[in-house]
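> One letter stands for each residue in the lines below.
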Amino acid sequence: MNDSTPASLRPERSFQGLILALQTFWAEQGCVILQPYDMEMGAGTFHPATTLRALGPKPWKAAYVQPSRRPKDGRYGENPNRLQHYYQFQVILKPSPADIQELYLKSLERIGIDRKTHDIRFVEDDWESPTLGAWGLGWECWCDGMEVSQFTYFQQVAGFECSPVSGELTYGLERLAMYVQGVENVFDLNFNGRDGKEKVTYGDVYLQAEQEYSRYNFDAADTEMLFRHFKDAEQECLRLLKIGDNDAKHEMALPAYDQCIKASHVFNLLDARGVISVTERQSYILRVRDLAKACGAAWLKTSGGGT
Amino acid sequence: MPDLLLELYSEEIPARMQREAQENLRKLVTDKLVDAGLTYEGAKAFSTPRRLALAVHGLLAKSKDVREEKKGPRVDAPERAIEGFVKSAGLKSINEAKVQQDKKGDFYIAVIEKKGRKAEDVIKEIVPEVVRGFPWPKSMRWGSGALNWVRPLHSIVCTFGPETEEPEVVRFAIDGVDSGDHTRGHPVMAPGRIKVKRLEDYLHSLDKAKVVADRDRRKAMILADAKDLALAQGLELVEDEGLLEEVAGLVEWPVVLLGEFDKSYLDIPPEVIRATIRANQKCFVLRDPKSTSPFETPAARAPQGEVKKKPHPEEARSAVSKDGTGALANKFILVSNLEAKDGGAAIKAGNARVIRARLSDAKFFWDQDRKTKLEARLPKFSGITFHEKLGTQAERIERIARLAKELVPIVKADPAKAERAARLAKLDLVTEMVGEFPELQGLMGKYYALAEGIEPEIAAALEEHYKPQGPNDRVPTSPVSVAVALADKIDTLVGFWAIDEKPTGSKDPYALRRAALGVIRLVVDNKIRLPLLGAFAKARKNFSEANDLLAFFADRLKVHLRDQGARHDLVDAVFSLEGQDDLLMIVRRVEALGKFLSTDNGRNLLAGYKRVANIVGIEEKKDKKSYTGEPDAKLLQQPEEKTLADAIQKVEGEVAAALKKEDFEGAMAAISKLRAPVDSFFDKVTVNADDKALRENRLKLLNRIRAATRTVADFSKIGG
Chain A
1 MNDSTPASLR
11 PERSFQGLIL
21 ALQTFWAEQG
31 CVILQPYDME
41 MGAGTFHPAT
51 TLRALGPKPW
61 KAAYVQPSRR
71 PKDGRYGENP
81 NRLQHYYQFQ
91 VILKPSPADI
101 QELYLKSLER
111 IGIDRKTHDI
121 RFVEDDWESP
131 TLGAWGLGWE
141 CWCDGMEVSQ
151 FTYFQQVAGF
161 ECSPVSGELT
171 YGLERLAMYV
181 QGVENVFDLN
191 FNGRDGKEKV
201 TYGDVYLQAE
211 QEYSRYNFDA
221 ADTEMLFRHF
231 KDAEQECLRL
241 LKIGDNDAKH
251 EMALPAYDQC
261 IKASHVFNLL
271 DARGVISVTE
281 RQSYILRVRD
291 LAKACGAAWL
301 KTSGGGT
Chain B
1 MPDLLLELYS
11 EEIPARMQRE
21 AQENLRKLVT
31 DKLVDAGLTY
41 EGAKAFSTPR
51 RLALAVHGLL
61 AKSKDVREEK
71 KGPRVDAPER
81 AIEGFVKSAG
91 LKSINEAKVQ
101 QDKKGDFYIA
111 VIEKKGRKAE
121 DVIKEIVPEV
131 VRGFPWPKSM
141 RWGSGALNWV
151 RPLHSIVCTF
161 GPETEEPEVV
171 RFAIDGVDSG
181 DHTRGHPVMA
191 PGRIKVKRLE
201 DYLHSLDKAK
211 VVADRDRRKA
221 MILADAKDLA
231 LAQGLELVED
241 EGLLEEVAGL
251 VEWPVVLLGE
261 FDKSYLDIPP
271 EVIRATIRAN
281 QKCFVLRDPK
291 STSPFETPAA
301 RAPQGEVKKK
311 PHPEEARSAV
321 SKDGTGALAN
331 KFILVSNLEA
341 KDGGAAIKAG
351 NARVIRARLS
361 DAKFFWDQDR
371 KTKLEARLPK
381 FSGITFHEKL
391 GTQAERIERI
401 ARLAKELVPI
411 VKADPAKAER
421 AARLAKLDLV
431 TEMVGEFPEL
441 QGLMGKYYAL
451 AEGIEPEIAA
461 ALEEHYKPQG
471 PNDRVPTSPV
481 SVAVALADKI
491 DTLVGFWAID
501 EKPTGSKDPY
511 ALRRAALGVI
521 RLVVDNKIRL
531 PLLGAFAKAR
541 KNFSEANDLL
551 AFFADRLKVH
561 LRDQGARHDL
571 VDAVFSLEGQ
581 DDLLMIVRRV
591 EALGKFLSTD
601 NGRNLLAGYK
611 RVANIVGIEE
621 KKDKKSYTGE
631 PDAKLLQQPE
641 EKTLADAIQK
651 VEGEVAAALK
661 KEDFEGAMAA
671 ISKLRAPVDS
681 FFDKVTVNAD
691 DKALRENRLK
701 LLNRIRAATR
711 TVADFSKIGG
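First to last, the sequence lines map onto chains A and B.
Numbering-wise (the working numbering), the first sequence opens with residue 1 and increments by one.
Numbering-wise (the working numbering), the second sequence opens with residue 1 and increments by one.
Be aware that a few hints might be false.
Unchecked claim - Straight-line C-alpha distance at most 20 Å; calculated DMTMM-like pairs for lysine to aspartate or glutamate:
1) LYS72/A <-> GLU436/B
2) LYS138/B <-> ASP126/A
3) LYS363/B <-> GLU184/A
4) LYS116/A <-> GLU654/B
5) LYS282/B <-> ASP126/A
6) LYS673/B <-> ASP690/B
7) LYS116/A <-> ASP342/B
Calculated directly from the structure, the hints in this document are not laboratory data.
Using the sequences and the hints, build the whole thing.
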C-alpha cells in the first residue's frame, strides 16, 4: 500500500482493503490475478488453477480469492469464529522459488504485520487431501500464536508426482482481518472501511447467509436429490473423460474436472446432513479421488498439462 | 589435529524431528569417517528449527595406508571359483594374485593395498552421501530440484583445518547447493550472512546473531526464564518436559513472556485448560501454590509412580504435578522467537487473544456437555463403527459390560457397580470436549459422571479403565476400575485376534502390545488369579486363537519381566510347562526359579539335570525310542541306583504337596534334594551297561528325574 491508498482501504481498516493489498502484492510478484472459480468448493486448492496447474512441467504463478464452502462448519451465525462459507486467499508458485518464505513474510508486512513486532512461526503441518489424491509438506504459519496461513510444497496431486514442485500459500482472510482489525467476532469485521452510517460489516454481508445456509446444510437439503446429483456428476465426469480422450490428447479435461468439483461438494453436503455412515464415507472419498486422478491424467494430455 | 564443522541450513525443520536428526547426523558422518580410517577425538551435534550442525574435533588429517592379504581358492579350483575371487578381491585378472603353498597345495593370494586418503577427499565424498540418504521420517522435493530433504535446503557450511590455522572450505555441491563457509543468523533479528571458521567462532557468531545453536542450552534458558517469571508472580511453573522439548525446537532465540487470561475460565477443569493451552498454543501453565483446586480429586492426587523416561499423554495432561499442589493460575508462559520492537506487547496480546478464544470454546463444551447425561449418549454408539469386523461401539460396550460382570468374582468387585461403570466407560467419547481433545478421554467421563452425581467409585473407573497406558503408568487398584480395565483390554485383544489383526514387526495400530502389558500389570500388581484361557472363552464364543494369544502374552510377559531384571529363559522354562495361563502364578514360579538358581543347590541341580538330559537325549536318539515308563525295581542293582530311585519317589511326593499349596520355593527345595543321589549315581553307576535290560532300566530311571523337574519348570530351556 502506498500513501495514496485511501484510509478506508487500508488493510487494517477494511476487509476488502486487506484483499486488495494481497492481490496487489502478488500481482507485483508476477502472479496472474484470477477471480474466484464459479463453483462451490471446499478450499481454494480445488480451483483448477491450483489442482490442475500444479501438474505437468509448465511454470505457473497465480493468486486469487476463493470463497470456500464447508457445510459442516456452519454454526447458524452464532459462533464468532466458525463459518460455513469463508474466503481463502490462494497463491500458487510453480516452481516454488527459493525465496518463497521471504515473499510470504513480505506479503504479511504489506497487510500490517511487521515481523520485527510480531512473532511469525512456521509450525510443522503436513497437508493431505484424500479426495484430491494429493499431499505435500509445509507448515501452518503462526502470527503471535494464531494460525493465519498454510504453506505447502505439493509433492503429489491427483496421484501424480509434482515436478517441478509448486509452493502453495493459503491465507485465512477472515482470521487475518480479525487480527489486524483487532476484532473478536467475525461478523464485526469492517468490510468496506467506512465509519458511521457508511460502514458495512461482515455481518451485514454474510450473517443472514450463514443462518440460512446452516439450515439448508444441516436440515433442509434434499438428500435424495443430492445422492442423485452425486451420481450424475460422477457419471458425467467419467463420460467426458472417455469421449474427450483421443489417445494422444485430451480435449475435455476441464469440463470433466468441474464435475469432480461438483461431486466433492455434494458429498460434503451429504456429510453435513449426516446421511453418510462411517464406512460409506470412505468409499465416497475414494470415488471422488478416482475422478480427481482420472482428471489429472487427462489434464496431463492437454497443452496446459505440457503436452 | 584438525576439526570439521558442518552445517545444513534449511527452512523450518519440524520440532519433533530435530533431536533425532542431530543424533543421526553425528552418527552417520562419524561412522563413515571411521570406516574410511579417519578416527577422531570427539563430536557434537546441534539443531535449531533452521539448521543441523556437527562439529568433529581432533580428526585425522589423512588415513593410514593399508595392506591386506586375501586368501583365495587353490590354483586348481574350478574356473568359476577363481573368477569369483578375482571379482571379490577387486583384481583385474588372476595374474595379479600371488601363489603360495601350504599343506594342501598351491593357492592364490591377493594383496590389496589401499593408499591413505586425505580427510578432505573423504569428507567431500561422505557428506553428500549422508545428505542424500538422510533418514528423515518424511522428506520432500522443492522447486525444480530432485534432492530430498525435510524442507528446502538453502546452504551448507563445511570447513576443515587444524586448530591453529585458518580452516578451508571442503568444496562439493549437492543438487546446486554449494558448500561454503557462510551461514545466517536469526531470520528477523540478524538476517545477514556470517562467515564462520570452526566450532568456537561458529557458536560465538551465532550467539551474537541471536541464535542459540545448542538445543539443551535453549531448553535450559527457557526453563530458567519461565521459572523466574513465575516466581516473580508468586507462582510455580507446571513443568512439562515434552512441551519444553517441542518449544525448544520452534525457536532459535527463546524470549519467554508471561500472558494472562480471564479468571472466570478457571471454572473449567485444570486438565482441560492445560490441554487447550498446551496442544493449541504450545504454552506452559502456572500454578498458585497458595490456593487449592476445587477439582482436586483423590485420583488426581495419587502418587504418579516412578519418574518416567518419556512424557506420556497421561502425564502430559495431568495438571496437578507430582511435586506440587495448588490450583492453576490465570497466567501462562509463552516462548517467542523474537526480541520485539515493542517489548513483546503485541505478541502477548495476540497469544492471549487466541487462548481466550480457545478457552471460550472449551468452556462452551464443558457447559454444553454437562447438560446431557452420559447414559443419554448411549444410542449414538449404535451408529459408530468400532471396527468393520468387530461391530459397532454399542456392541463393544455391551461385550465389555458382560465381561466385566463375569470377571467380578475374580477381582472381588461389586457386580452392579462394575457393570454400570463398564456401560458408562466409553460414553464421553461423543462429548464435545473429547471430540476436541481426544487425550482427555476417560478423565472427562469422570468429571461428567461426578457432575451428575454418580458414585465416585464408578466415576473413577471411567478414567482408570484406560490404565495402565504403558510400563510406567499407574496401575489402578480399585476393584471396579480393575474389572472394567481388564474387560476392556481383553475384549480388544480377543477381538483383534479373532479377525487376525495382530501386531506385526513395528506395526501395532491398535496398540495391542500395550493392552496385553496392561492386563499383565493389572493382574500381577493387584495379585489377581486370572486364568487367561478361561477369560478368553468368556470374552468370545468359539474363539479359536486362544493359544496364539496366550503365546503373545508370554512374549509380552517376557519383555515385562526382562525390563524388571528377570532372565527371559526362566520365563520360557515356566511357560513351556503344560497349561500355564495364570500370569500371577507364572510370575511367582519365575521368581522362585530365579532365587533357586542363584543358590549352590540350584546351580548344581541344573548341572545335574543337564547331564541327565544330555545322556538320555543321546541314547534316545541313538535307539530312536524314548525311555519313558517306570523303571523296574528288581533291576536296580547298585546301592546308588536304589538310593536314587527312592529319592525320586520321595521328592515327587514332596513336590506335589508343595505345588498344591502353590509353594514354588518349597517345590524347588524338594527337587534340590535329588542333587546328592544324582551325583553319586553318576560317580558309581555306568548307564550304558552291556546288559541291555540294565541299560534300559537306568535310562528310565534318569528319565524320571527329567519328569520330576518338569513339574516346576522346563529345565531344558534354562541357559548355562
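> Now look at each hint and say whether the structure bears it out.
To see whether the hints hold, each was checked on the structure:
Between LYS72/A and GLU436/B the CA atoms are separated by roughly 15 Å; this keeps the pair inside 20 Å, and the hint holds. Using a Cα cut-off of 20 Å, the hinted pair LYS138/B and ASP126/A holds, with the two alpha carbons roughly 9 Å apart. As the CA atoms of LYS363/B and GLU184/A are separated by approximately 17 Å, the hinted pair is consistent with the 20 Å bound. Taken as a hint, the LYS116/A and GLU654/B pair is broken in the structure, with Cα atoms around 84 Å apart against an allowance of 20 Å.
Restraint check: the Cα-Cα separation between LYS282/B and ASP126/A comes to about 18 Å, which is no more than 20 Å; the hinted pair holds. Note on LYS673/B and ASP690/B: the hinted pairing is violated, with a Cα-Cα distance of about 30 Å set against a maximum of 20 Å. For the proposed pair LYS116/A and ASP342/B, the alpha carbon gap of about 9 Å is at most 20 Å, so the pair holds.
The structure is inconsistent with the numbered hints 4, 6, although it conforms to all the rest.
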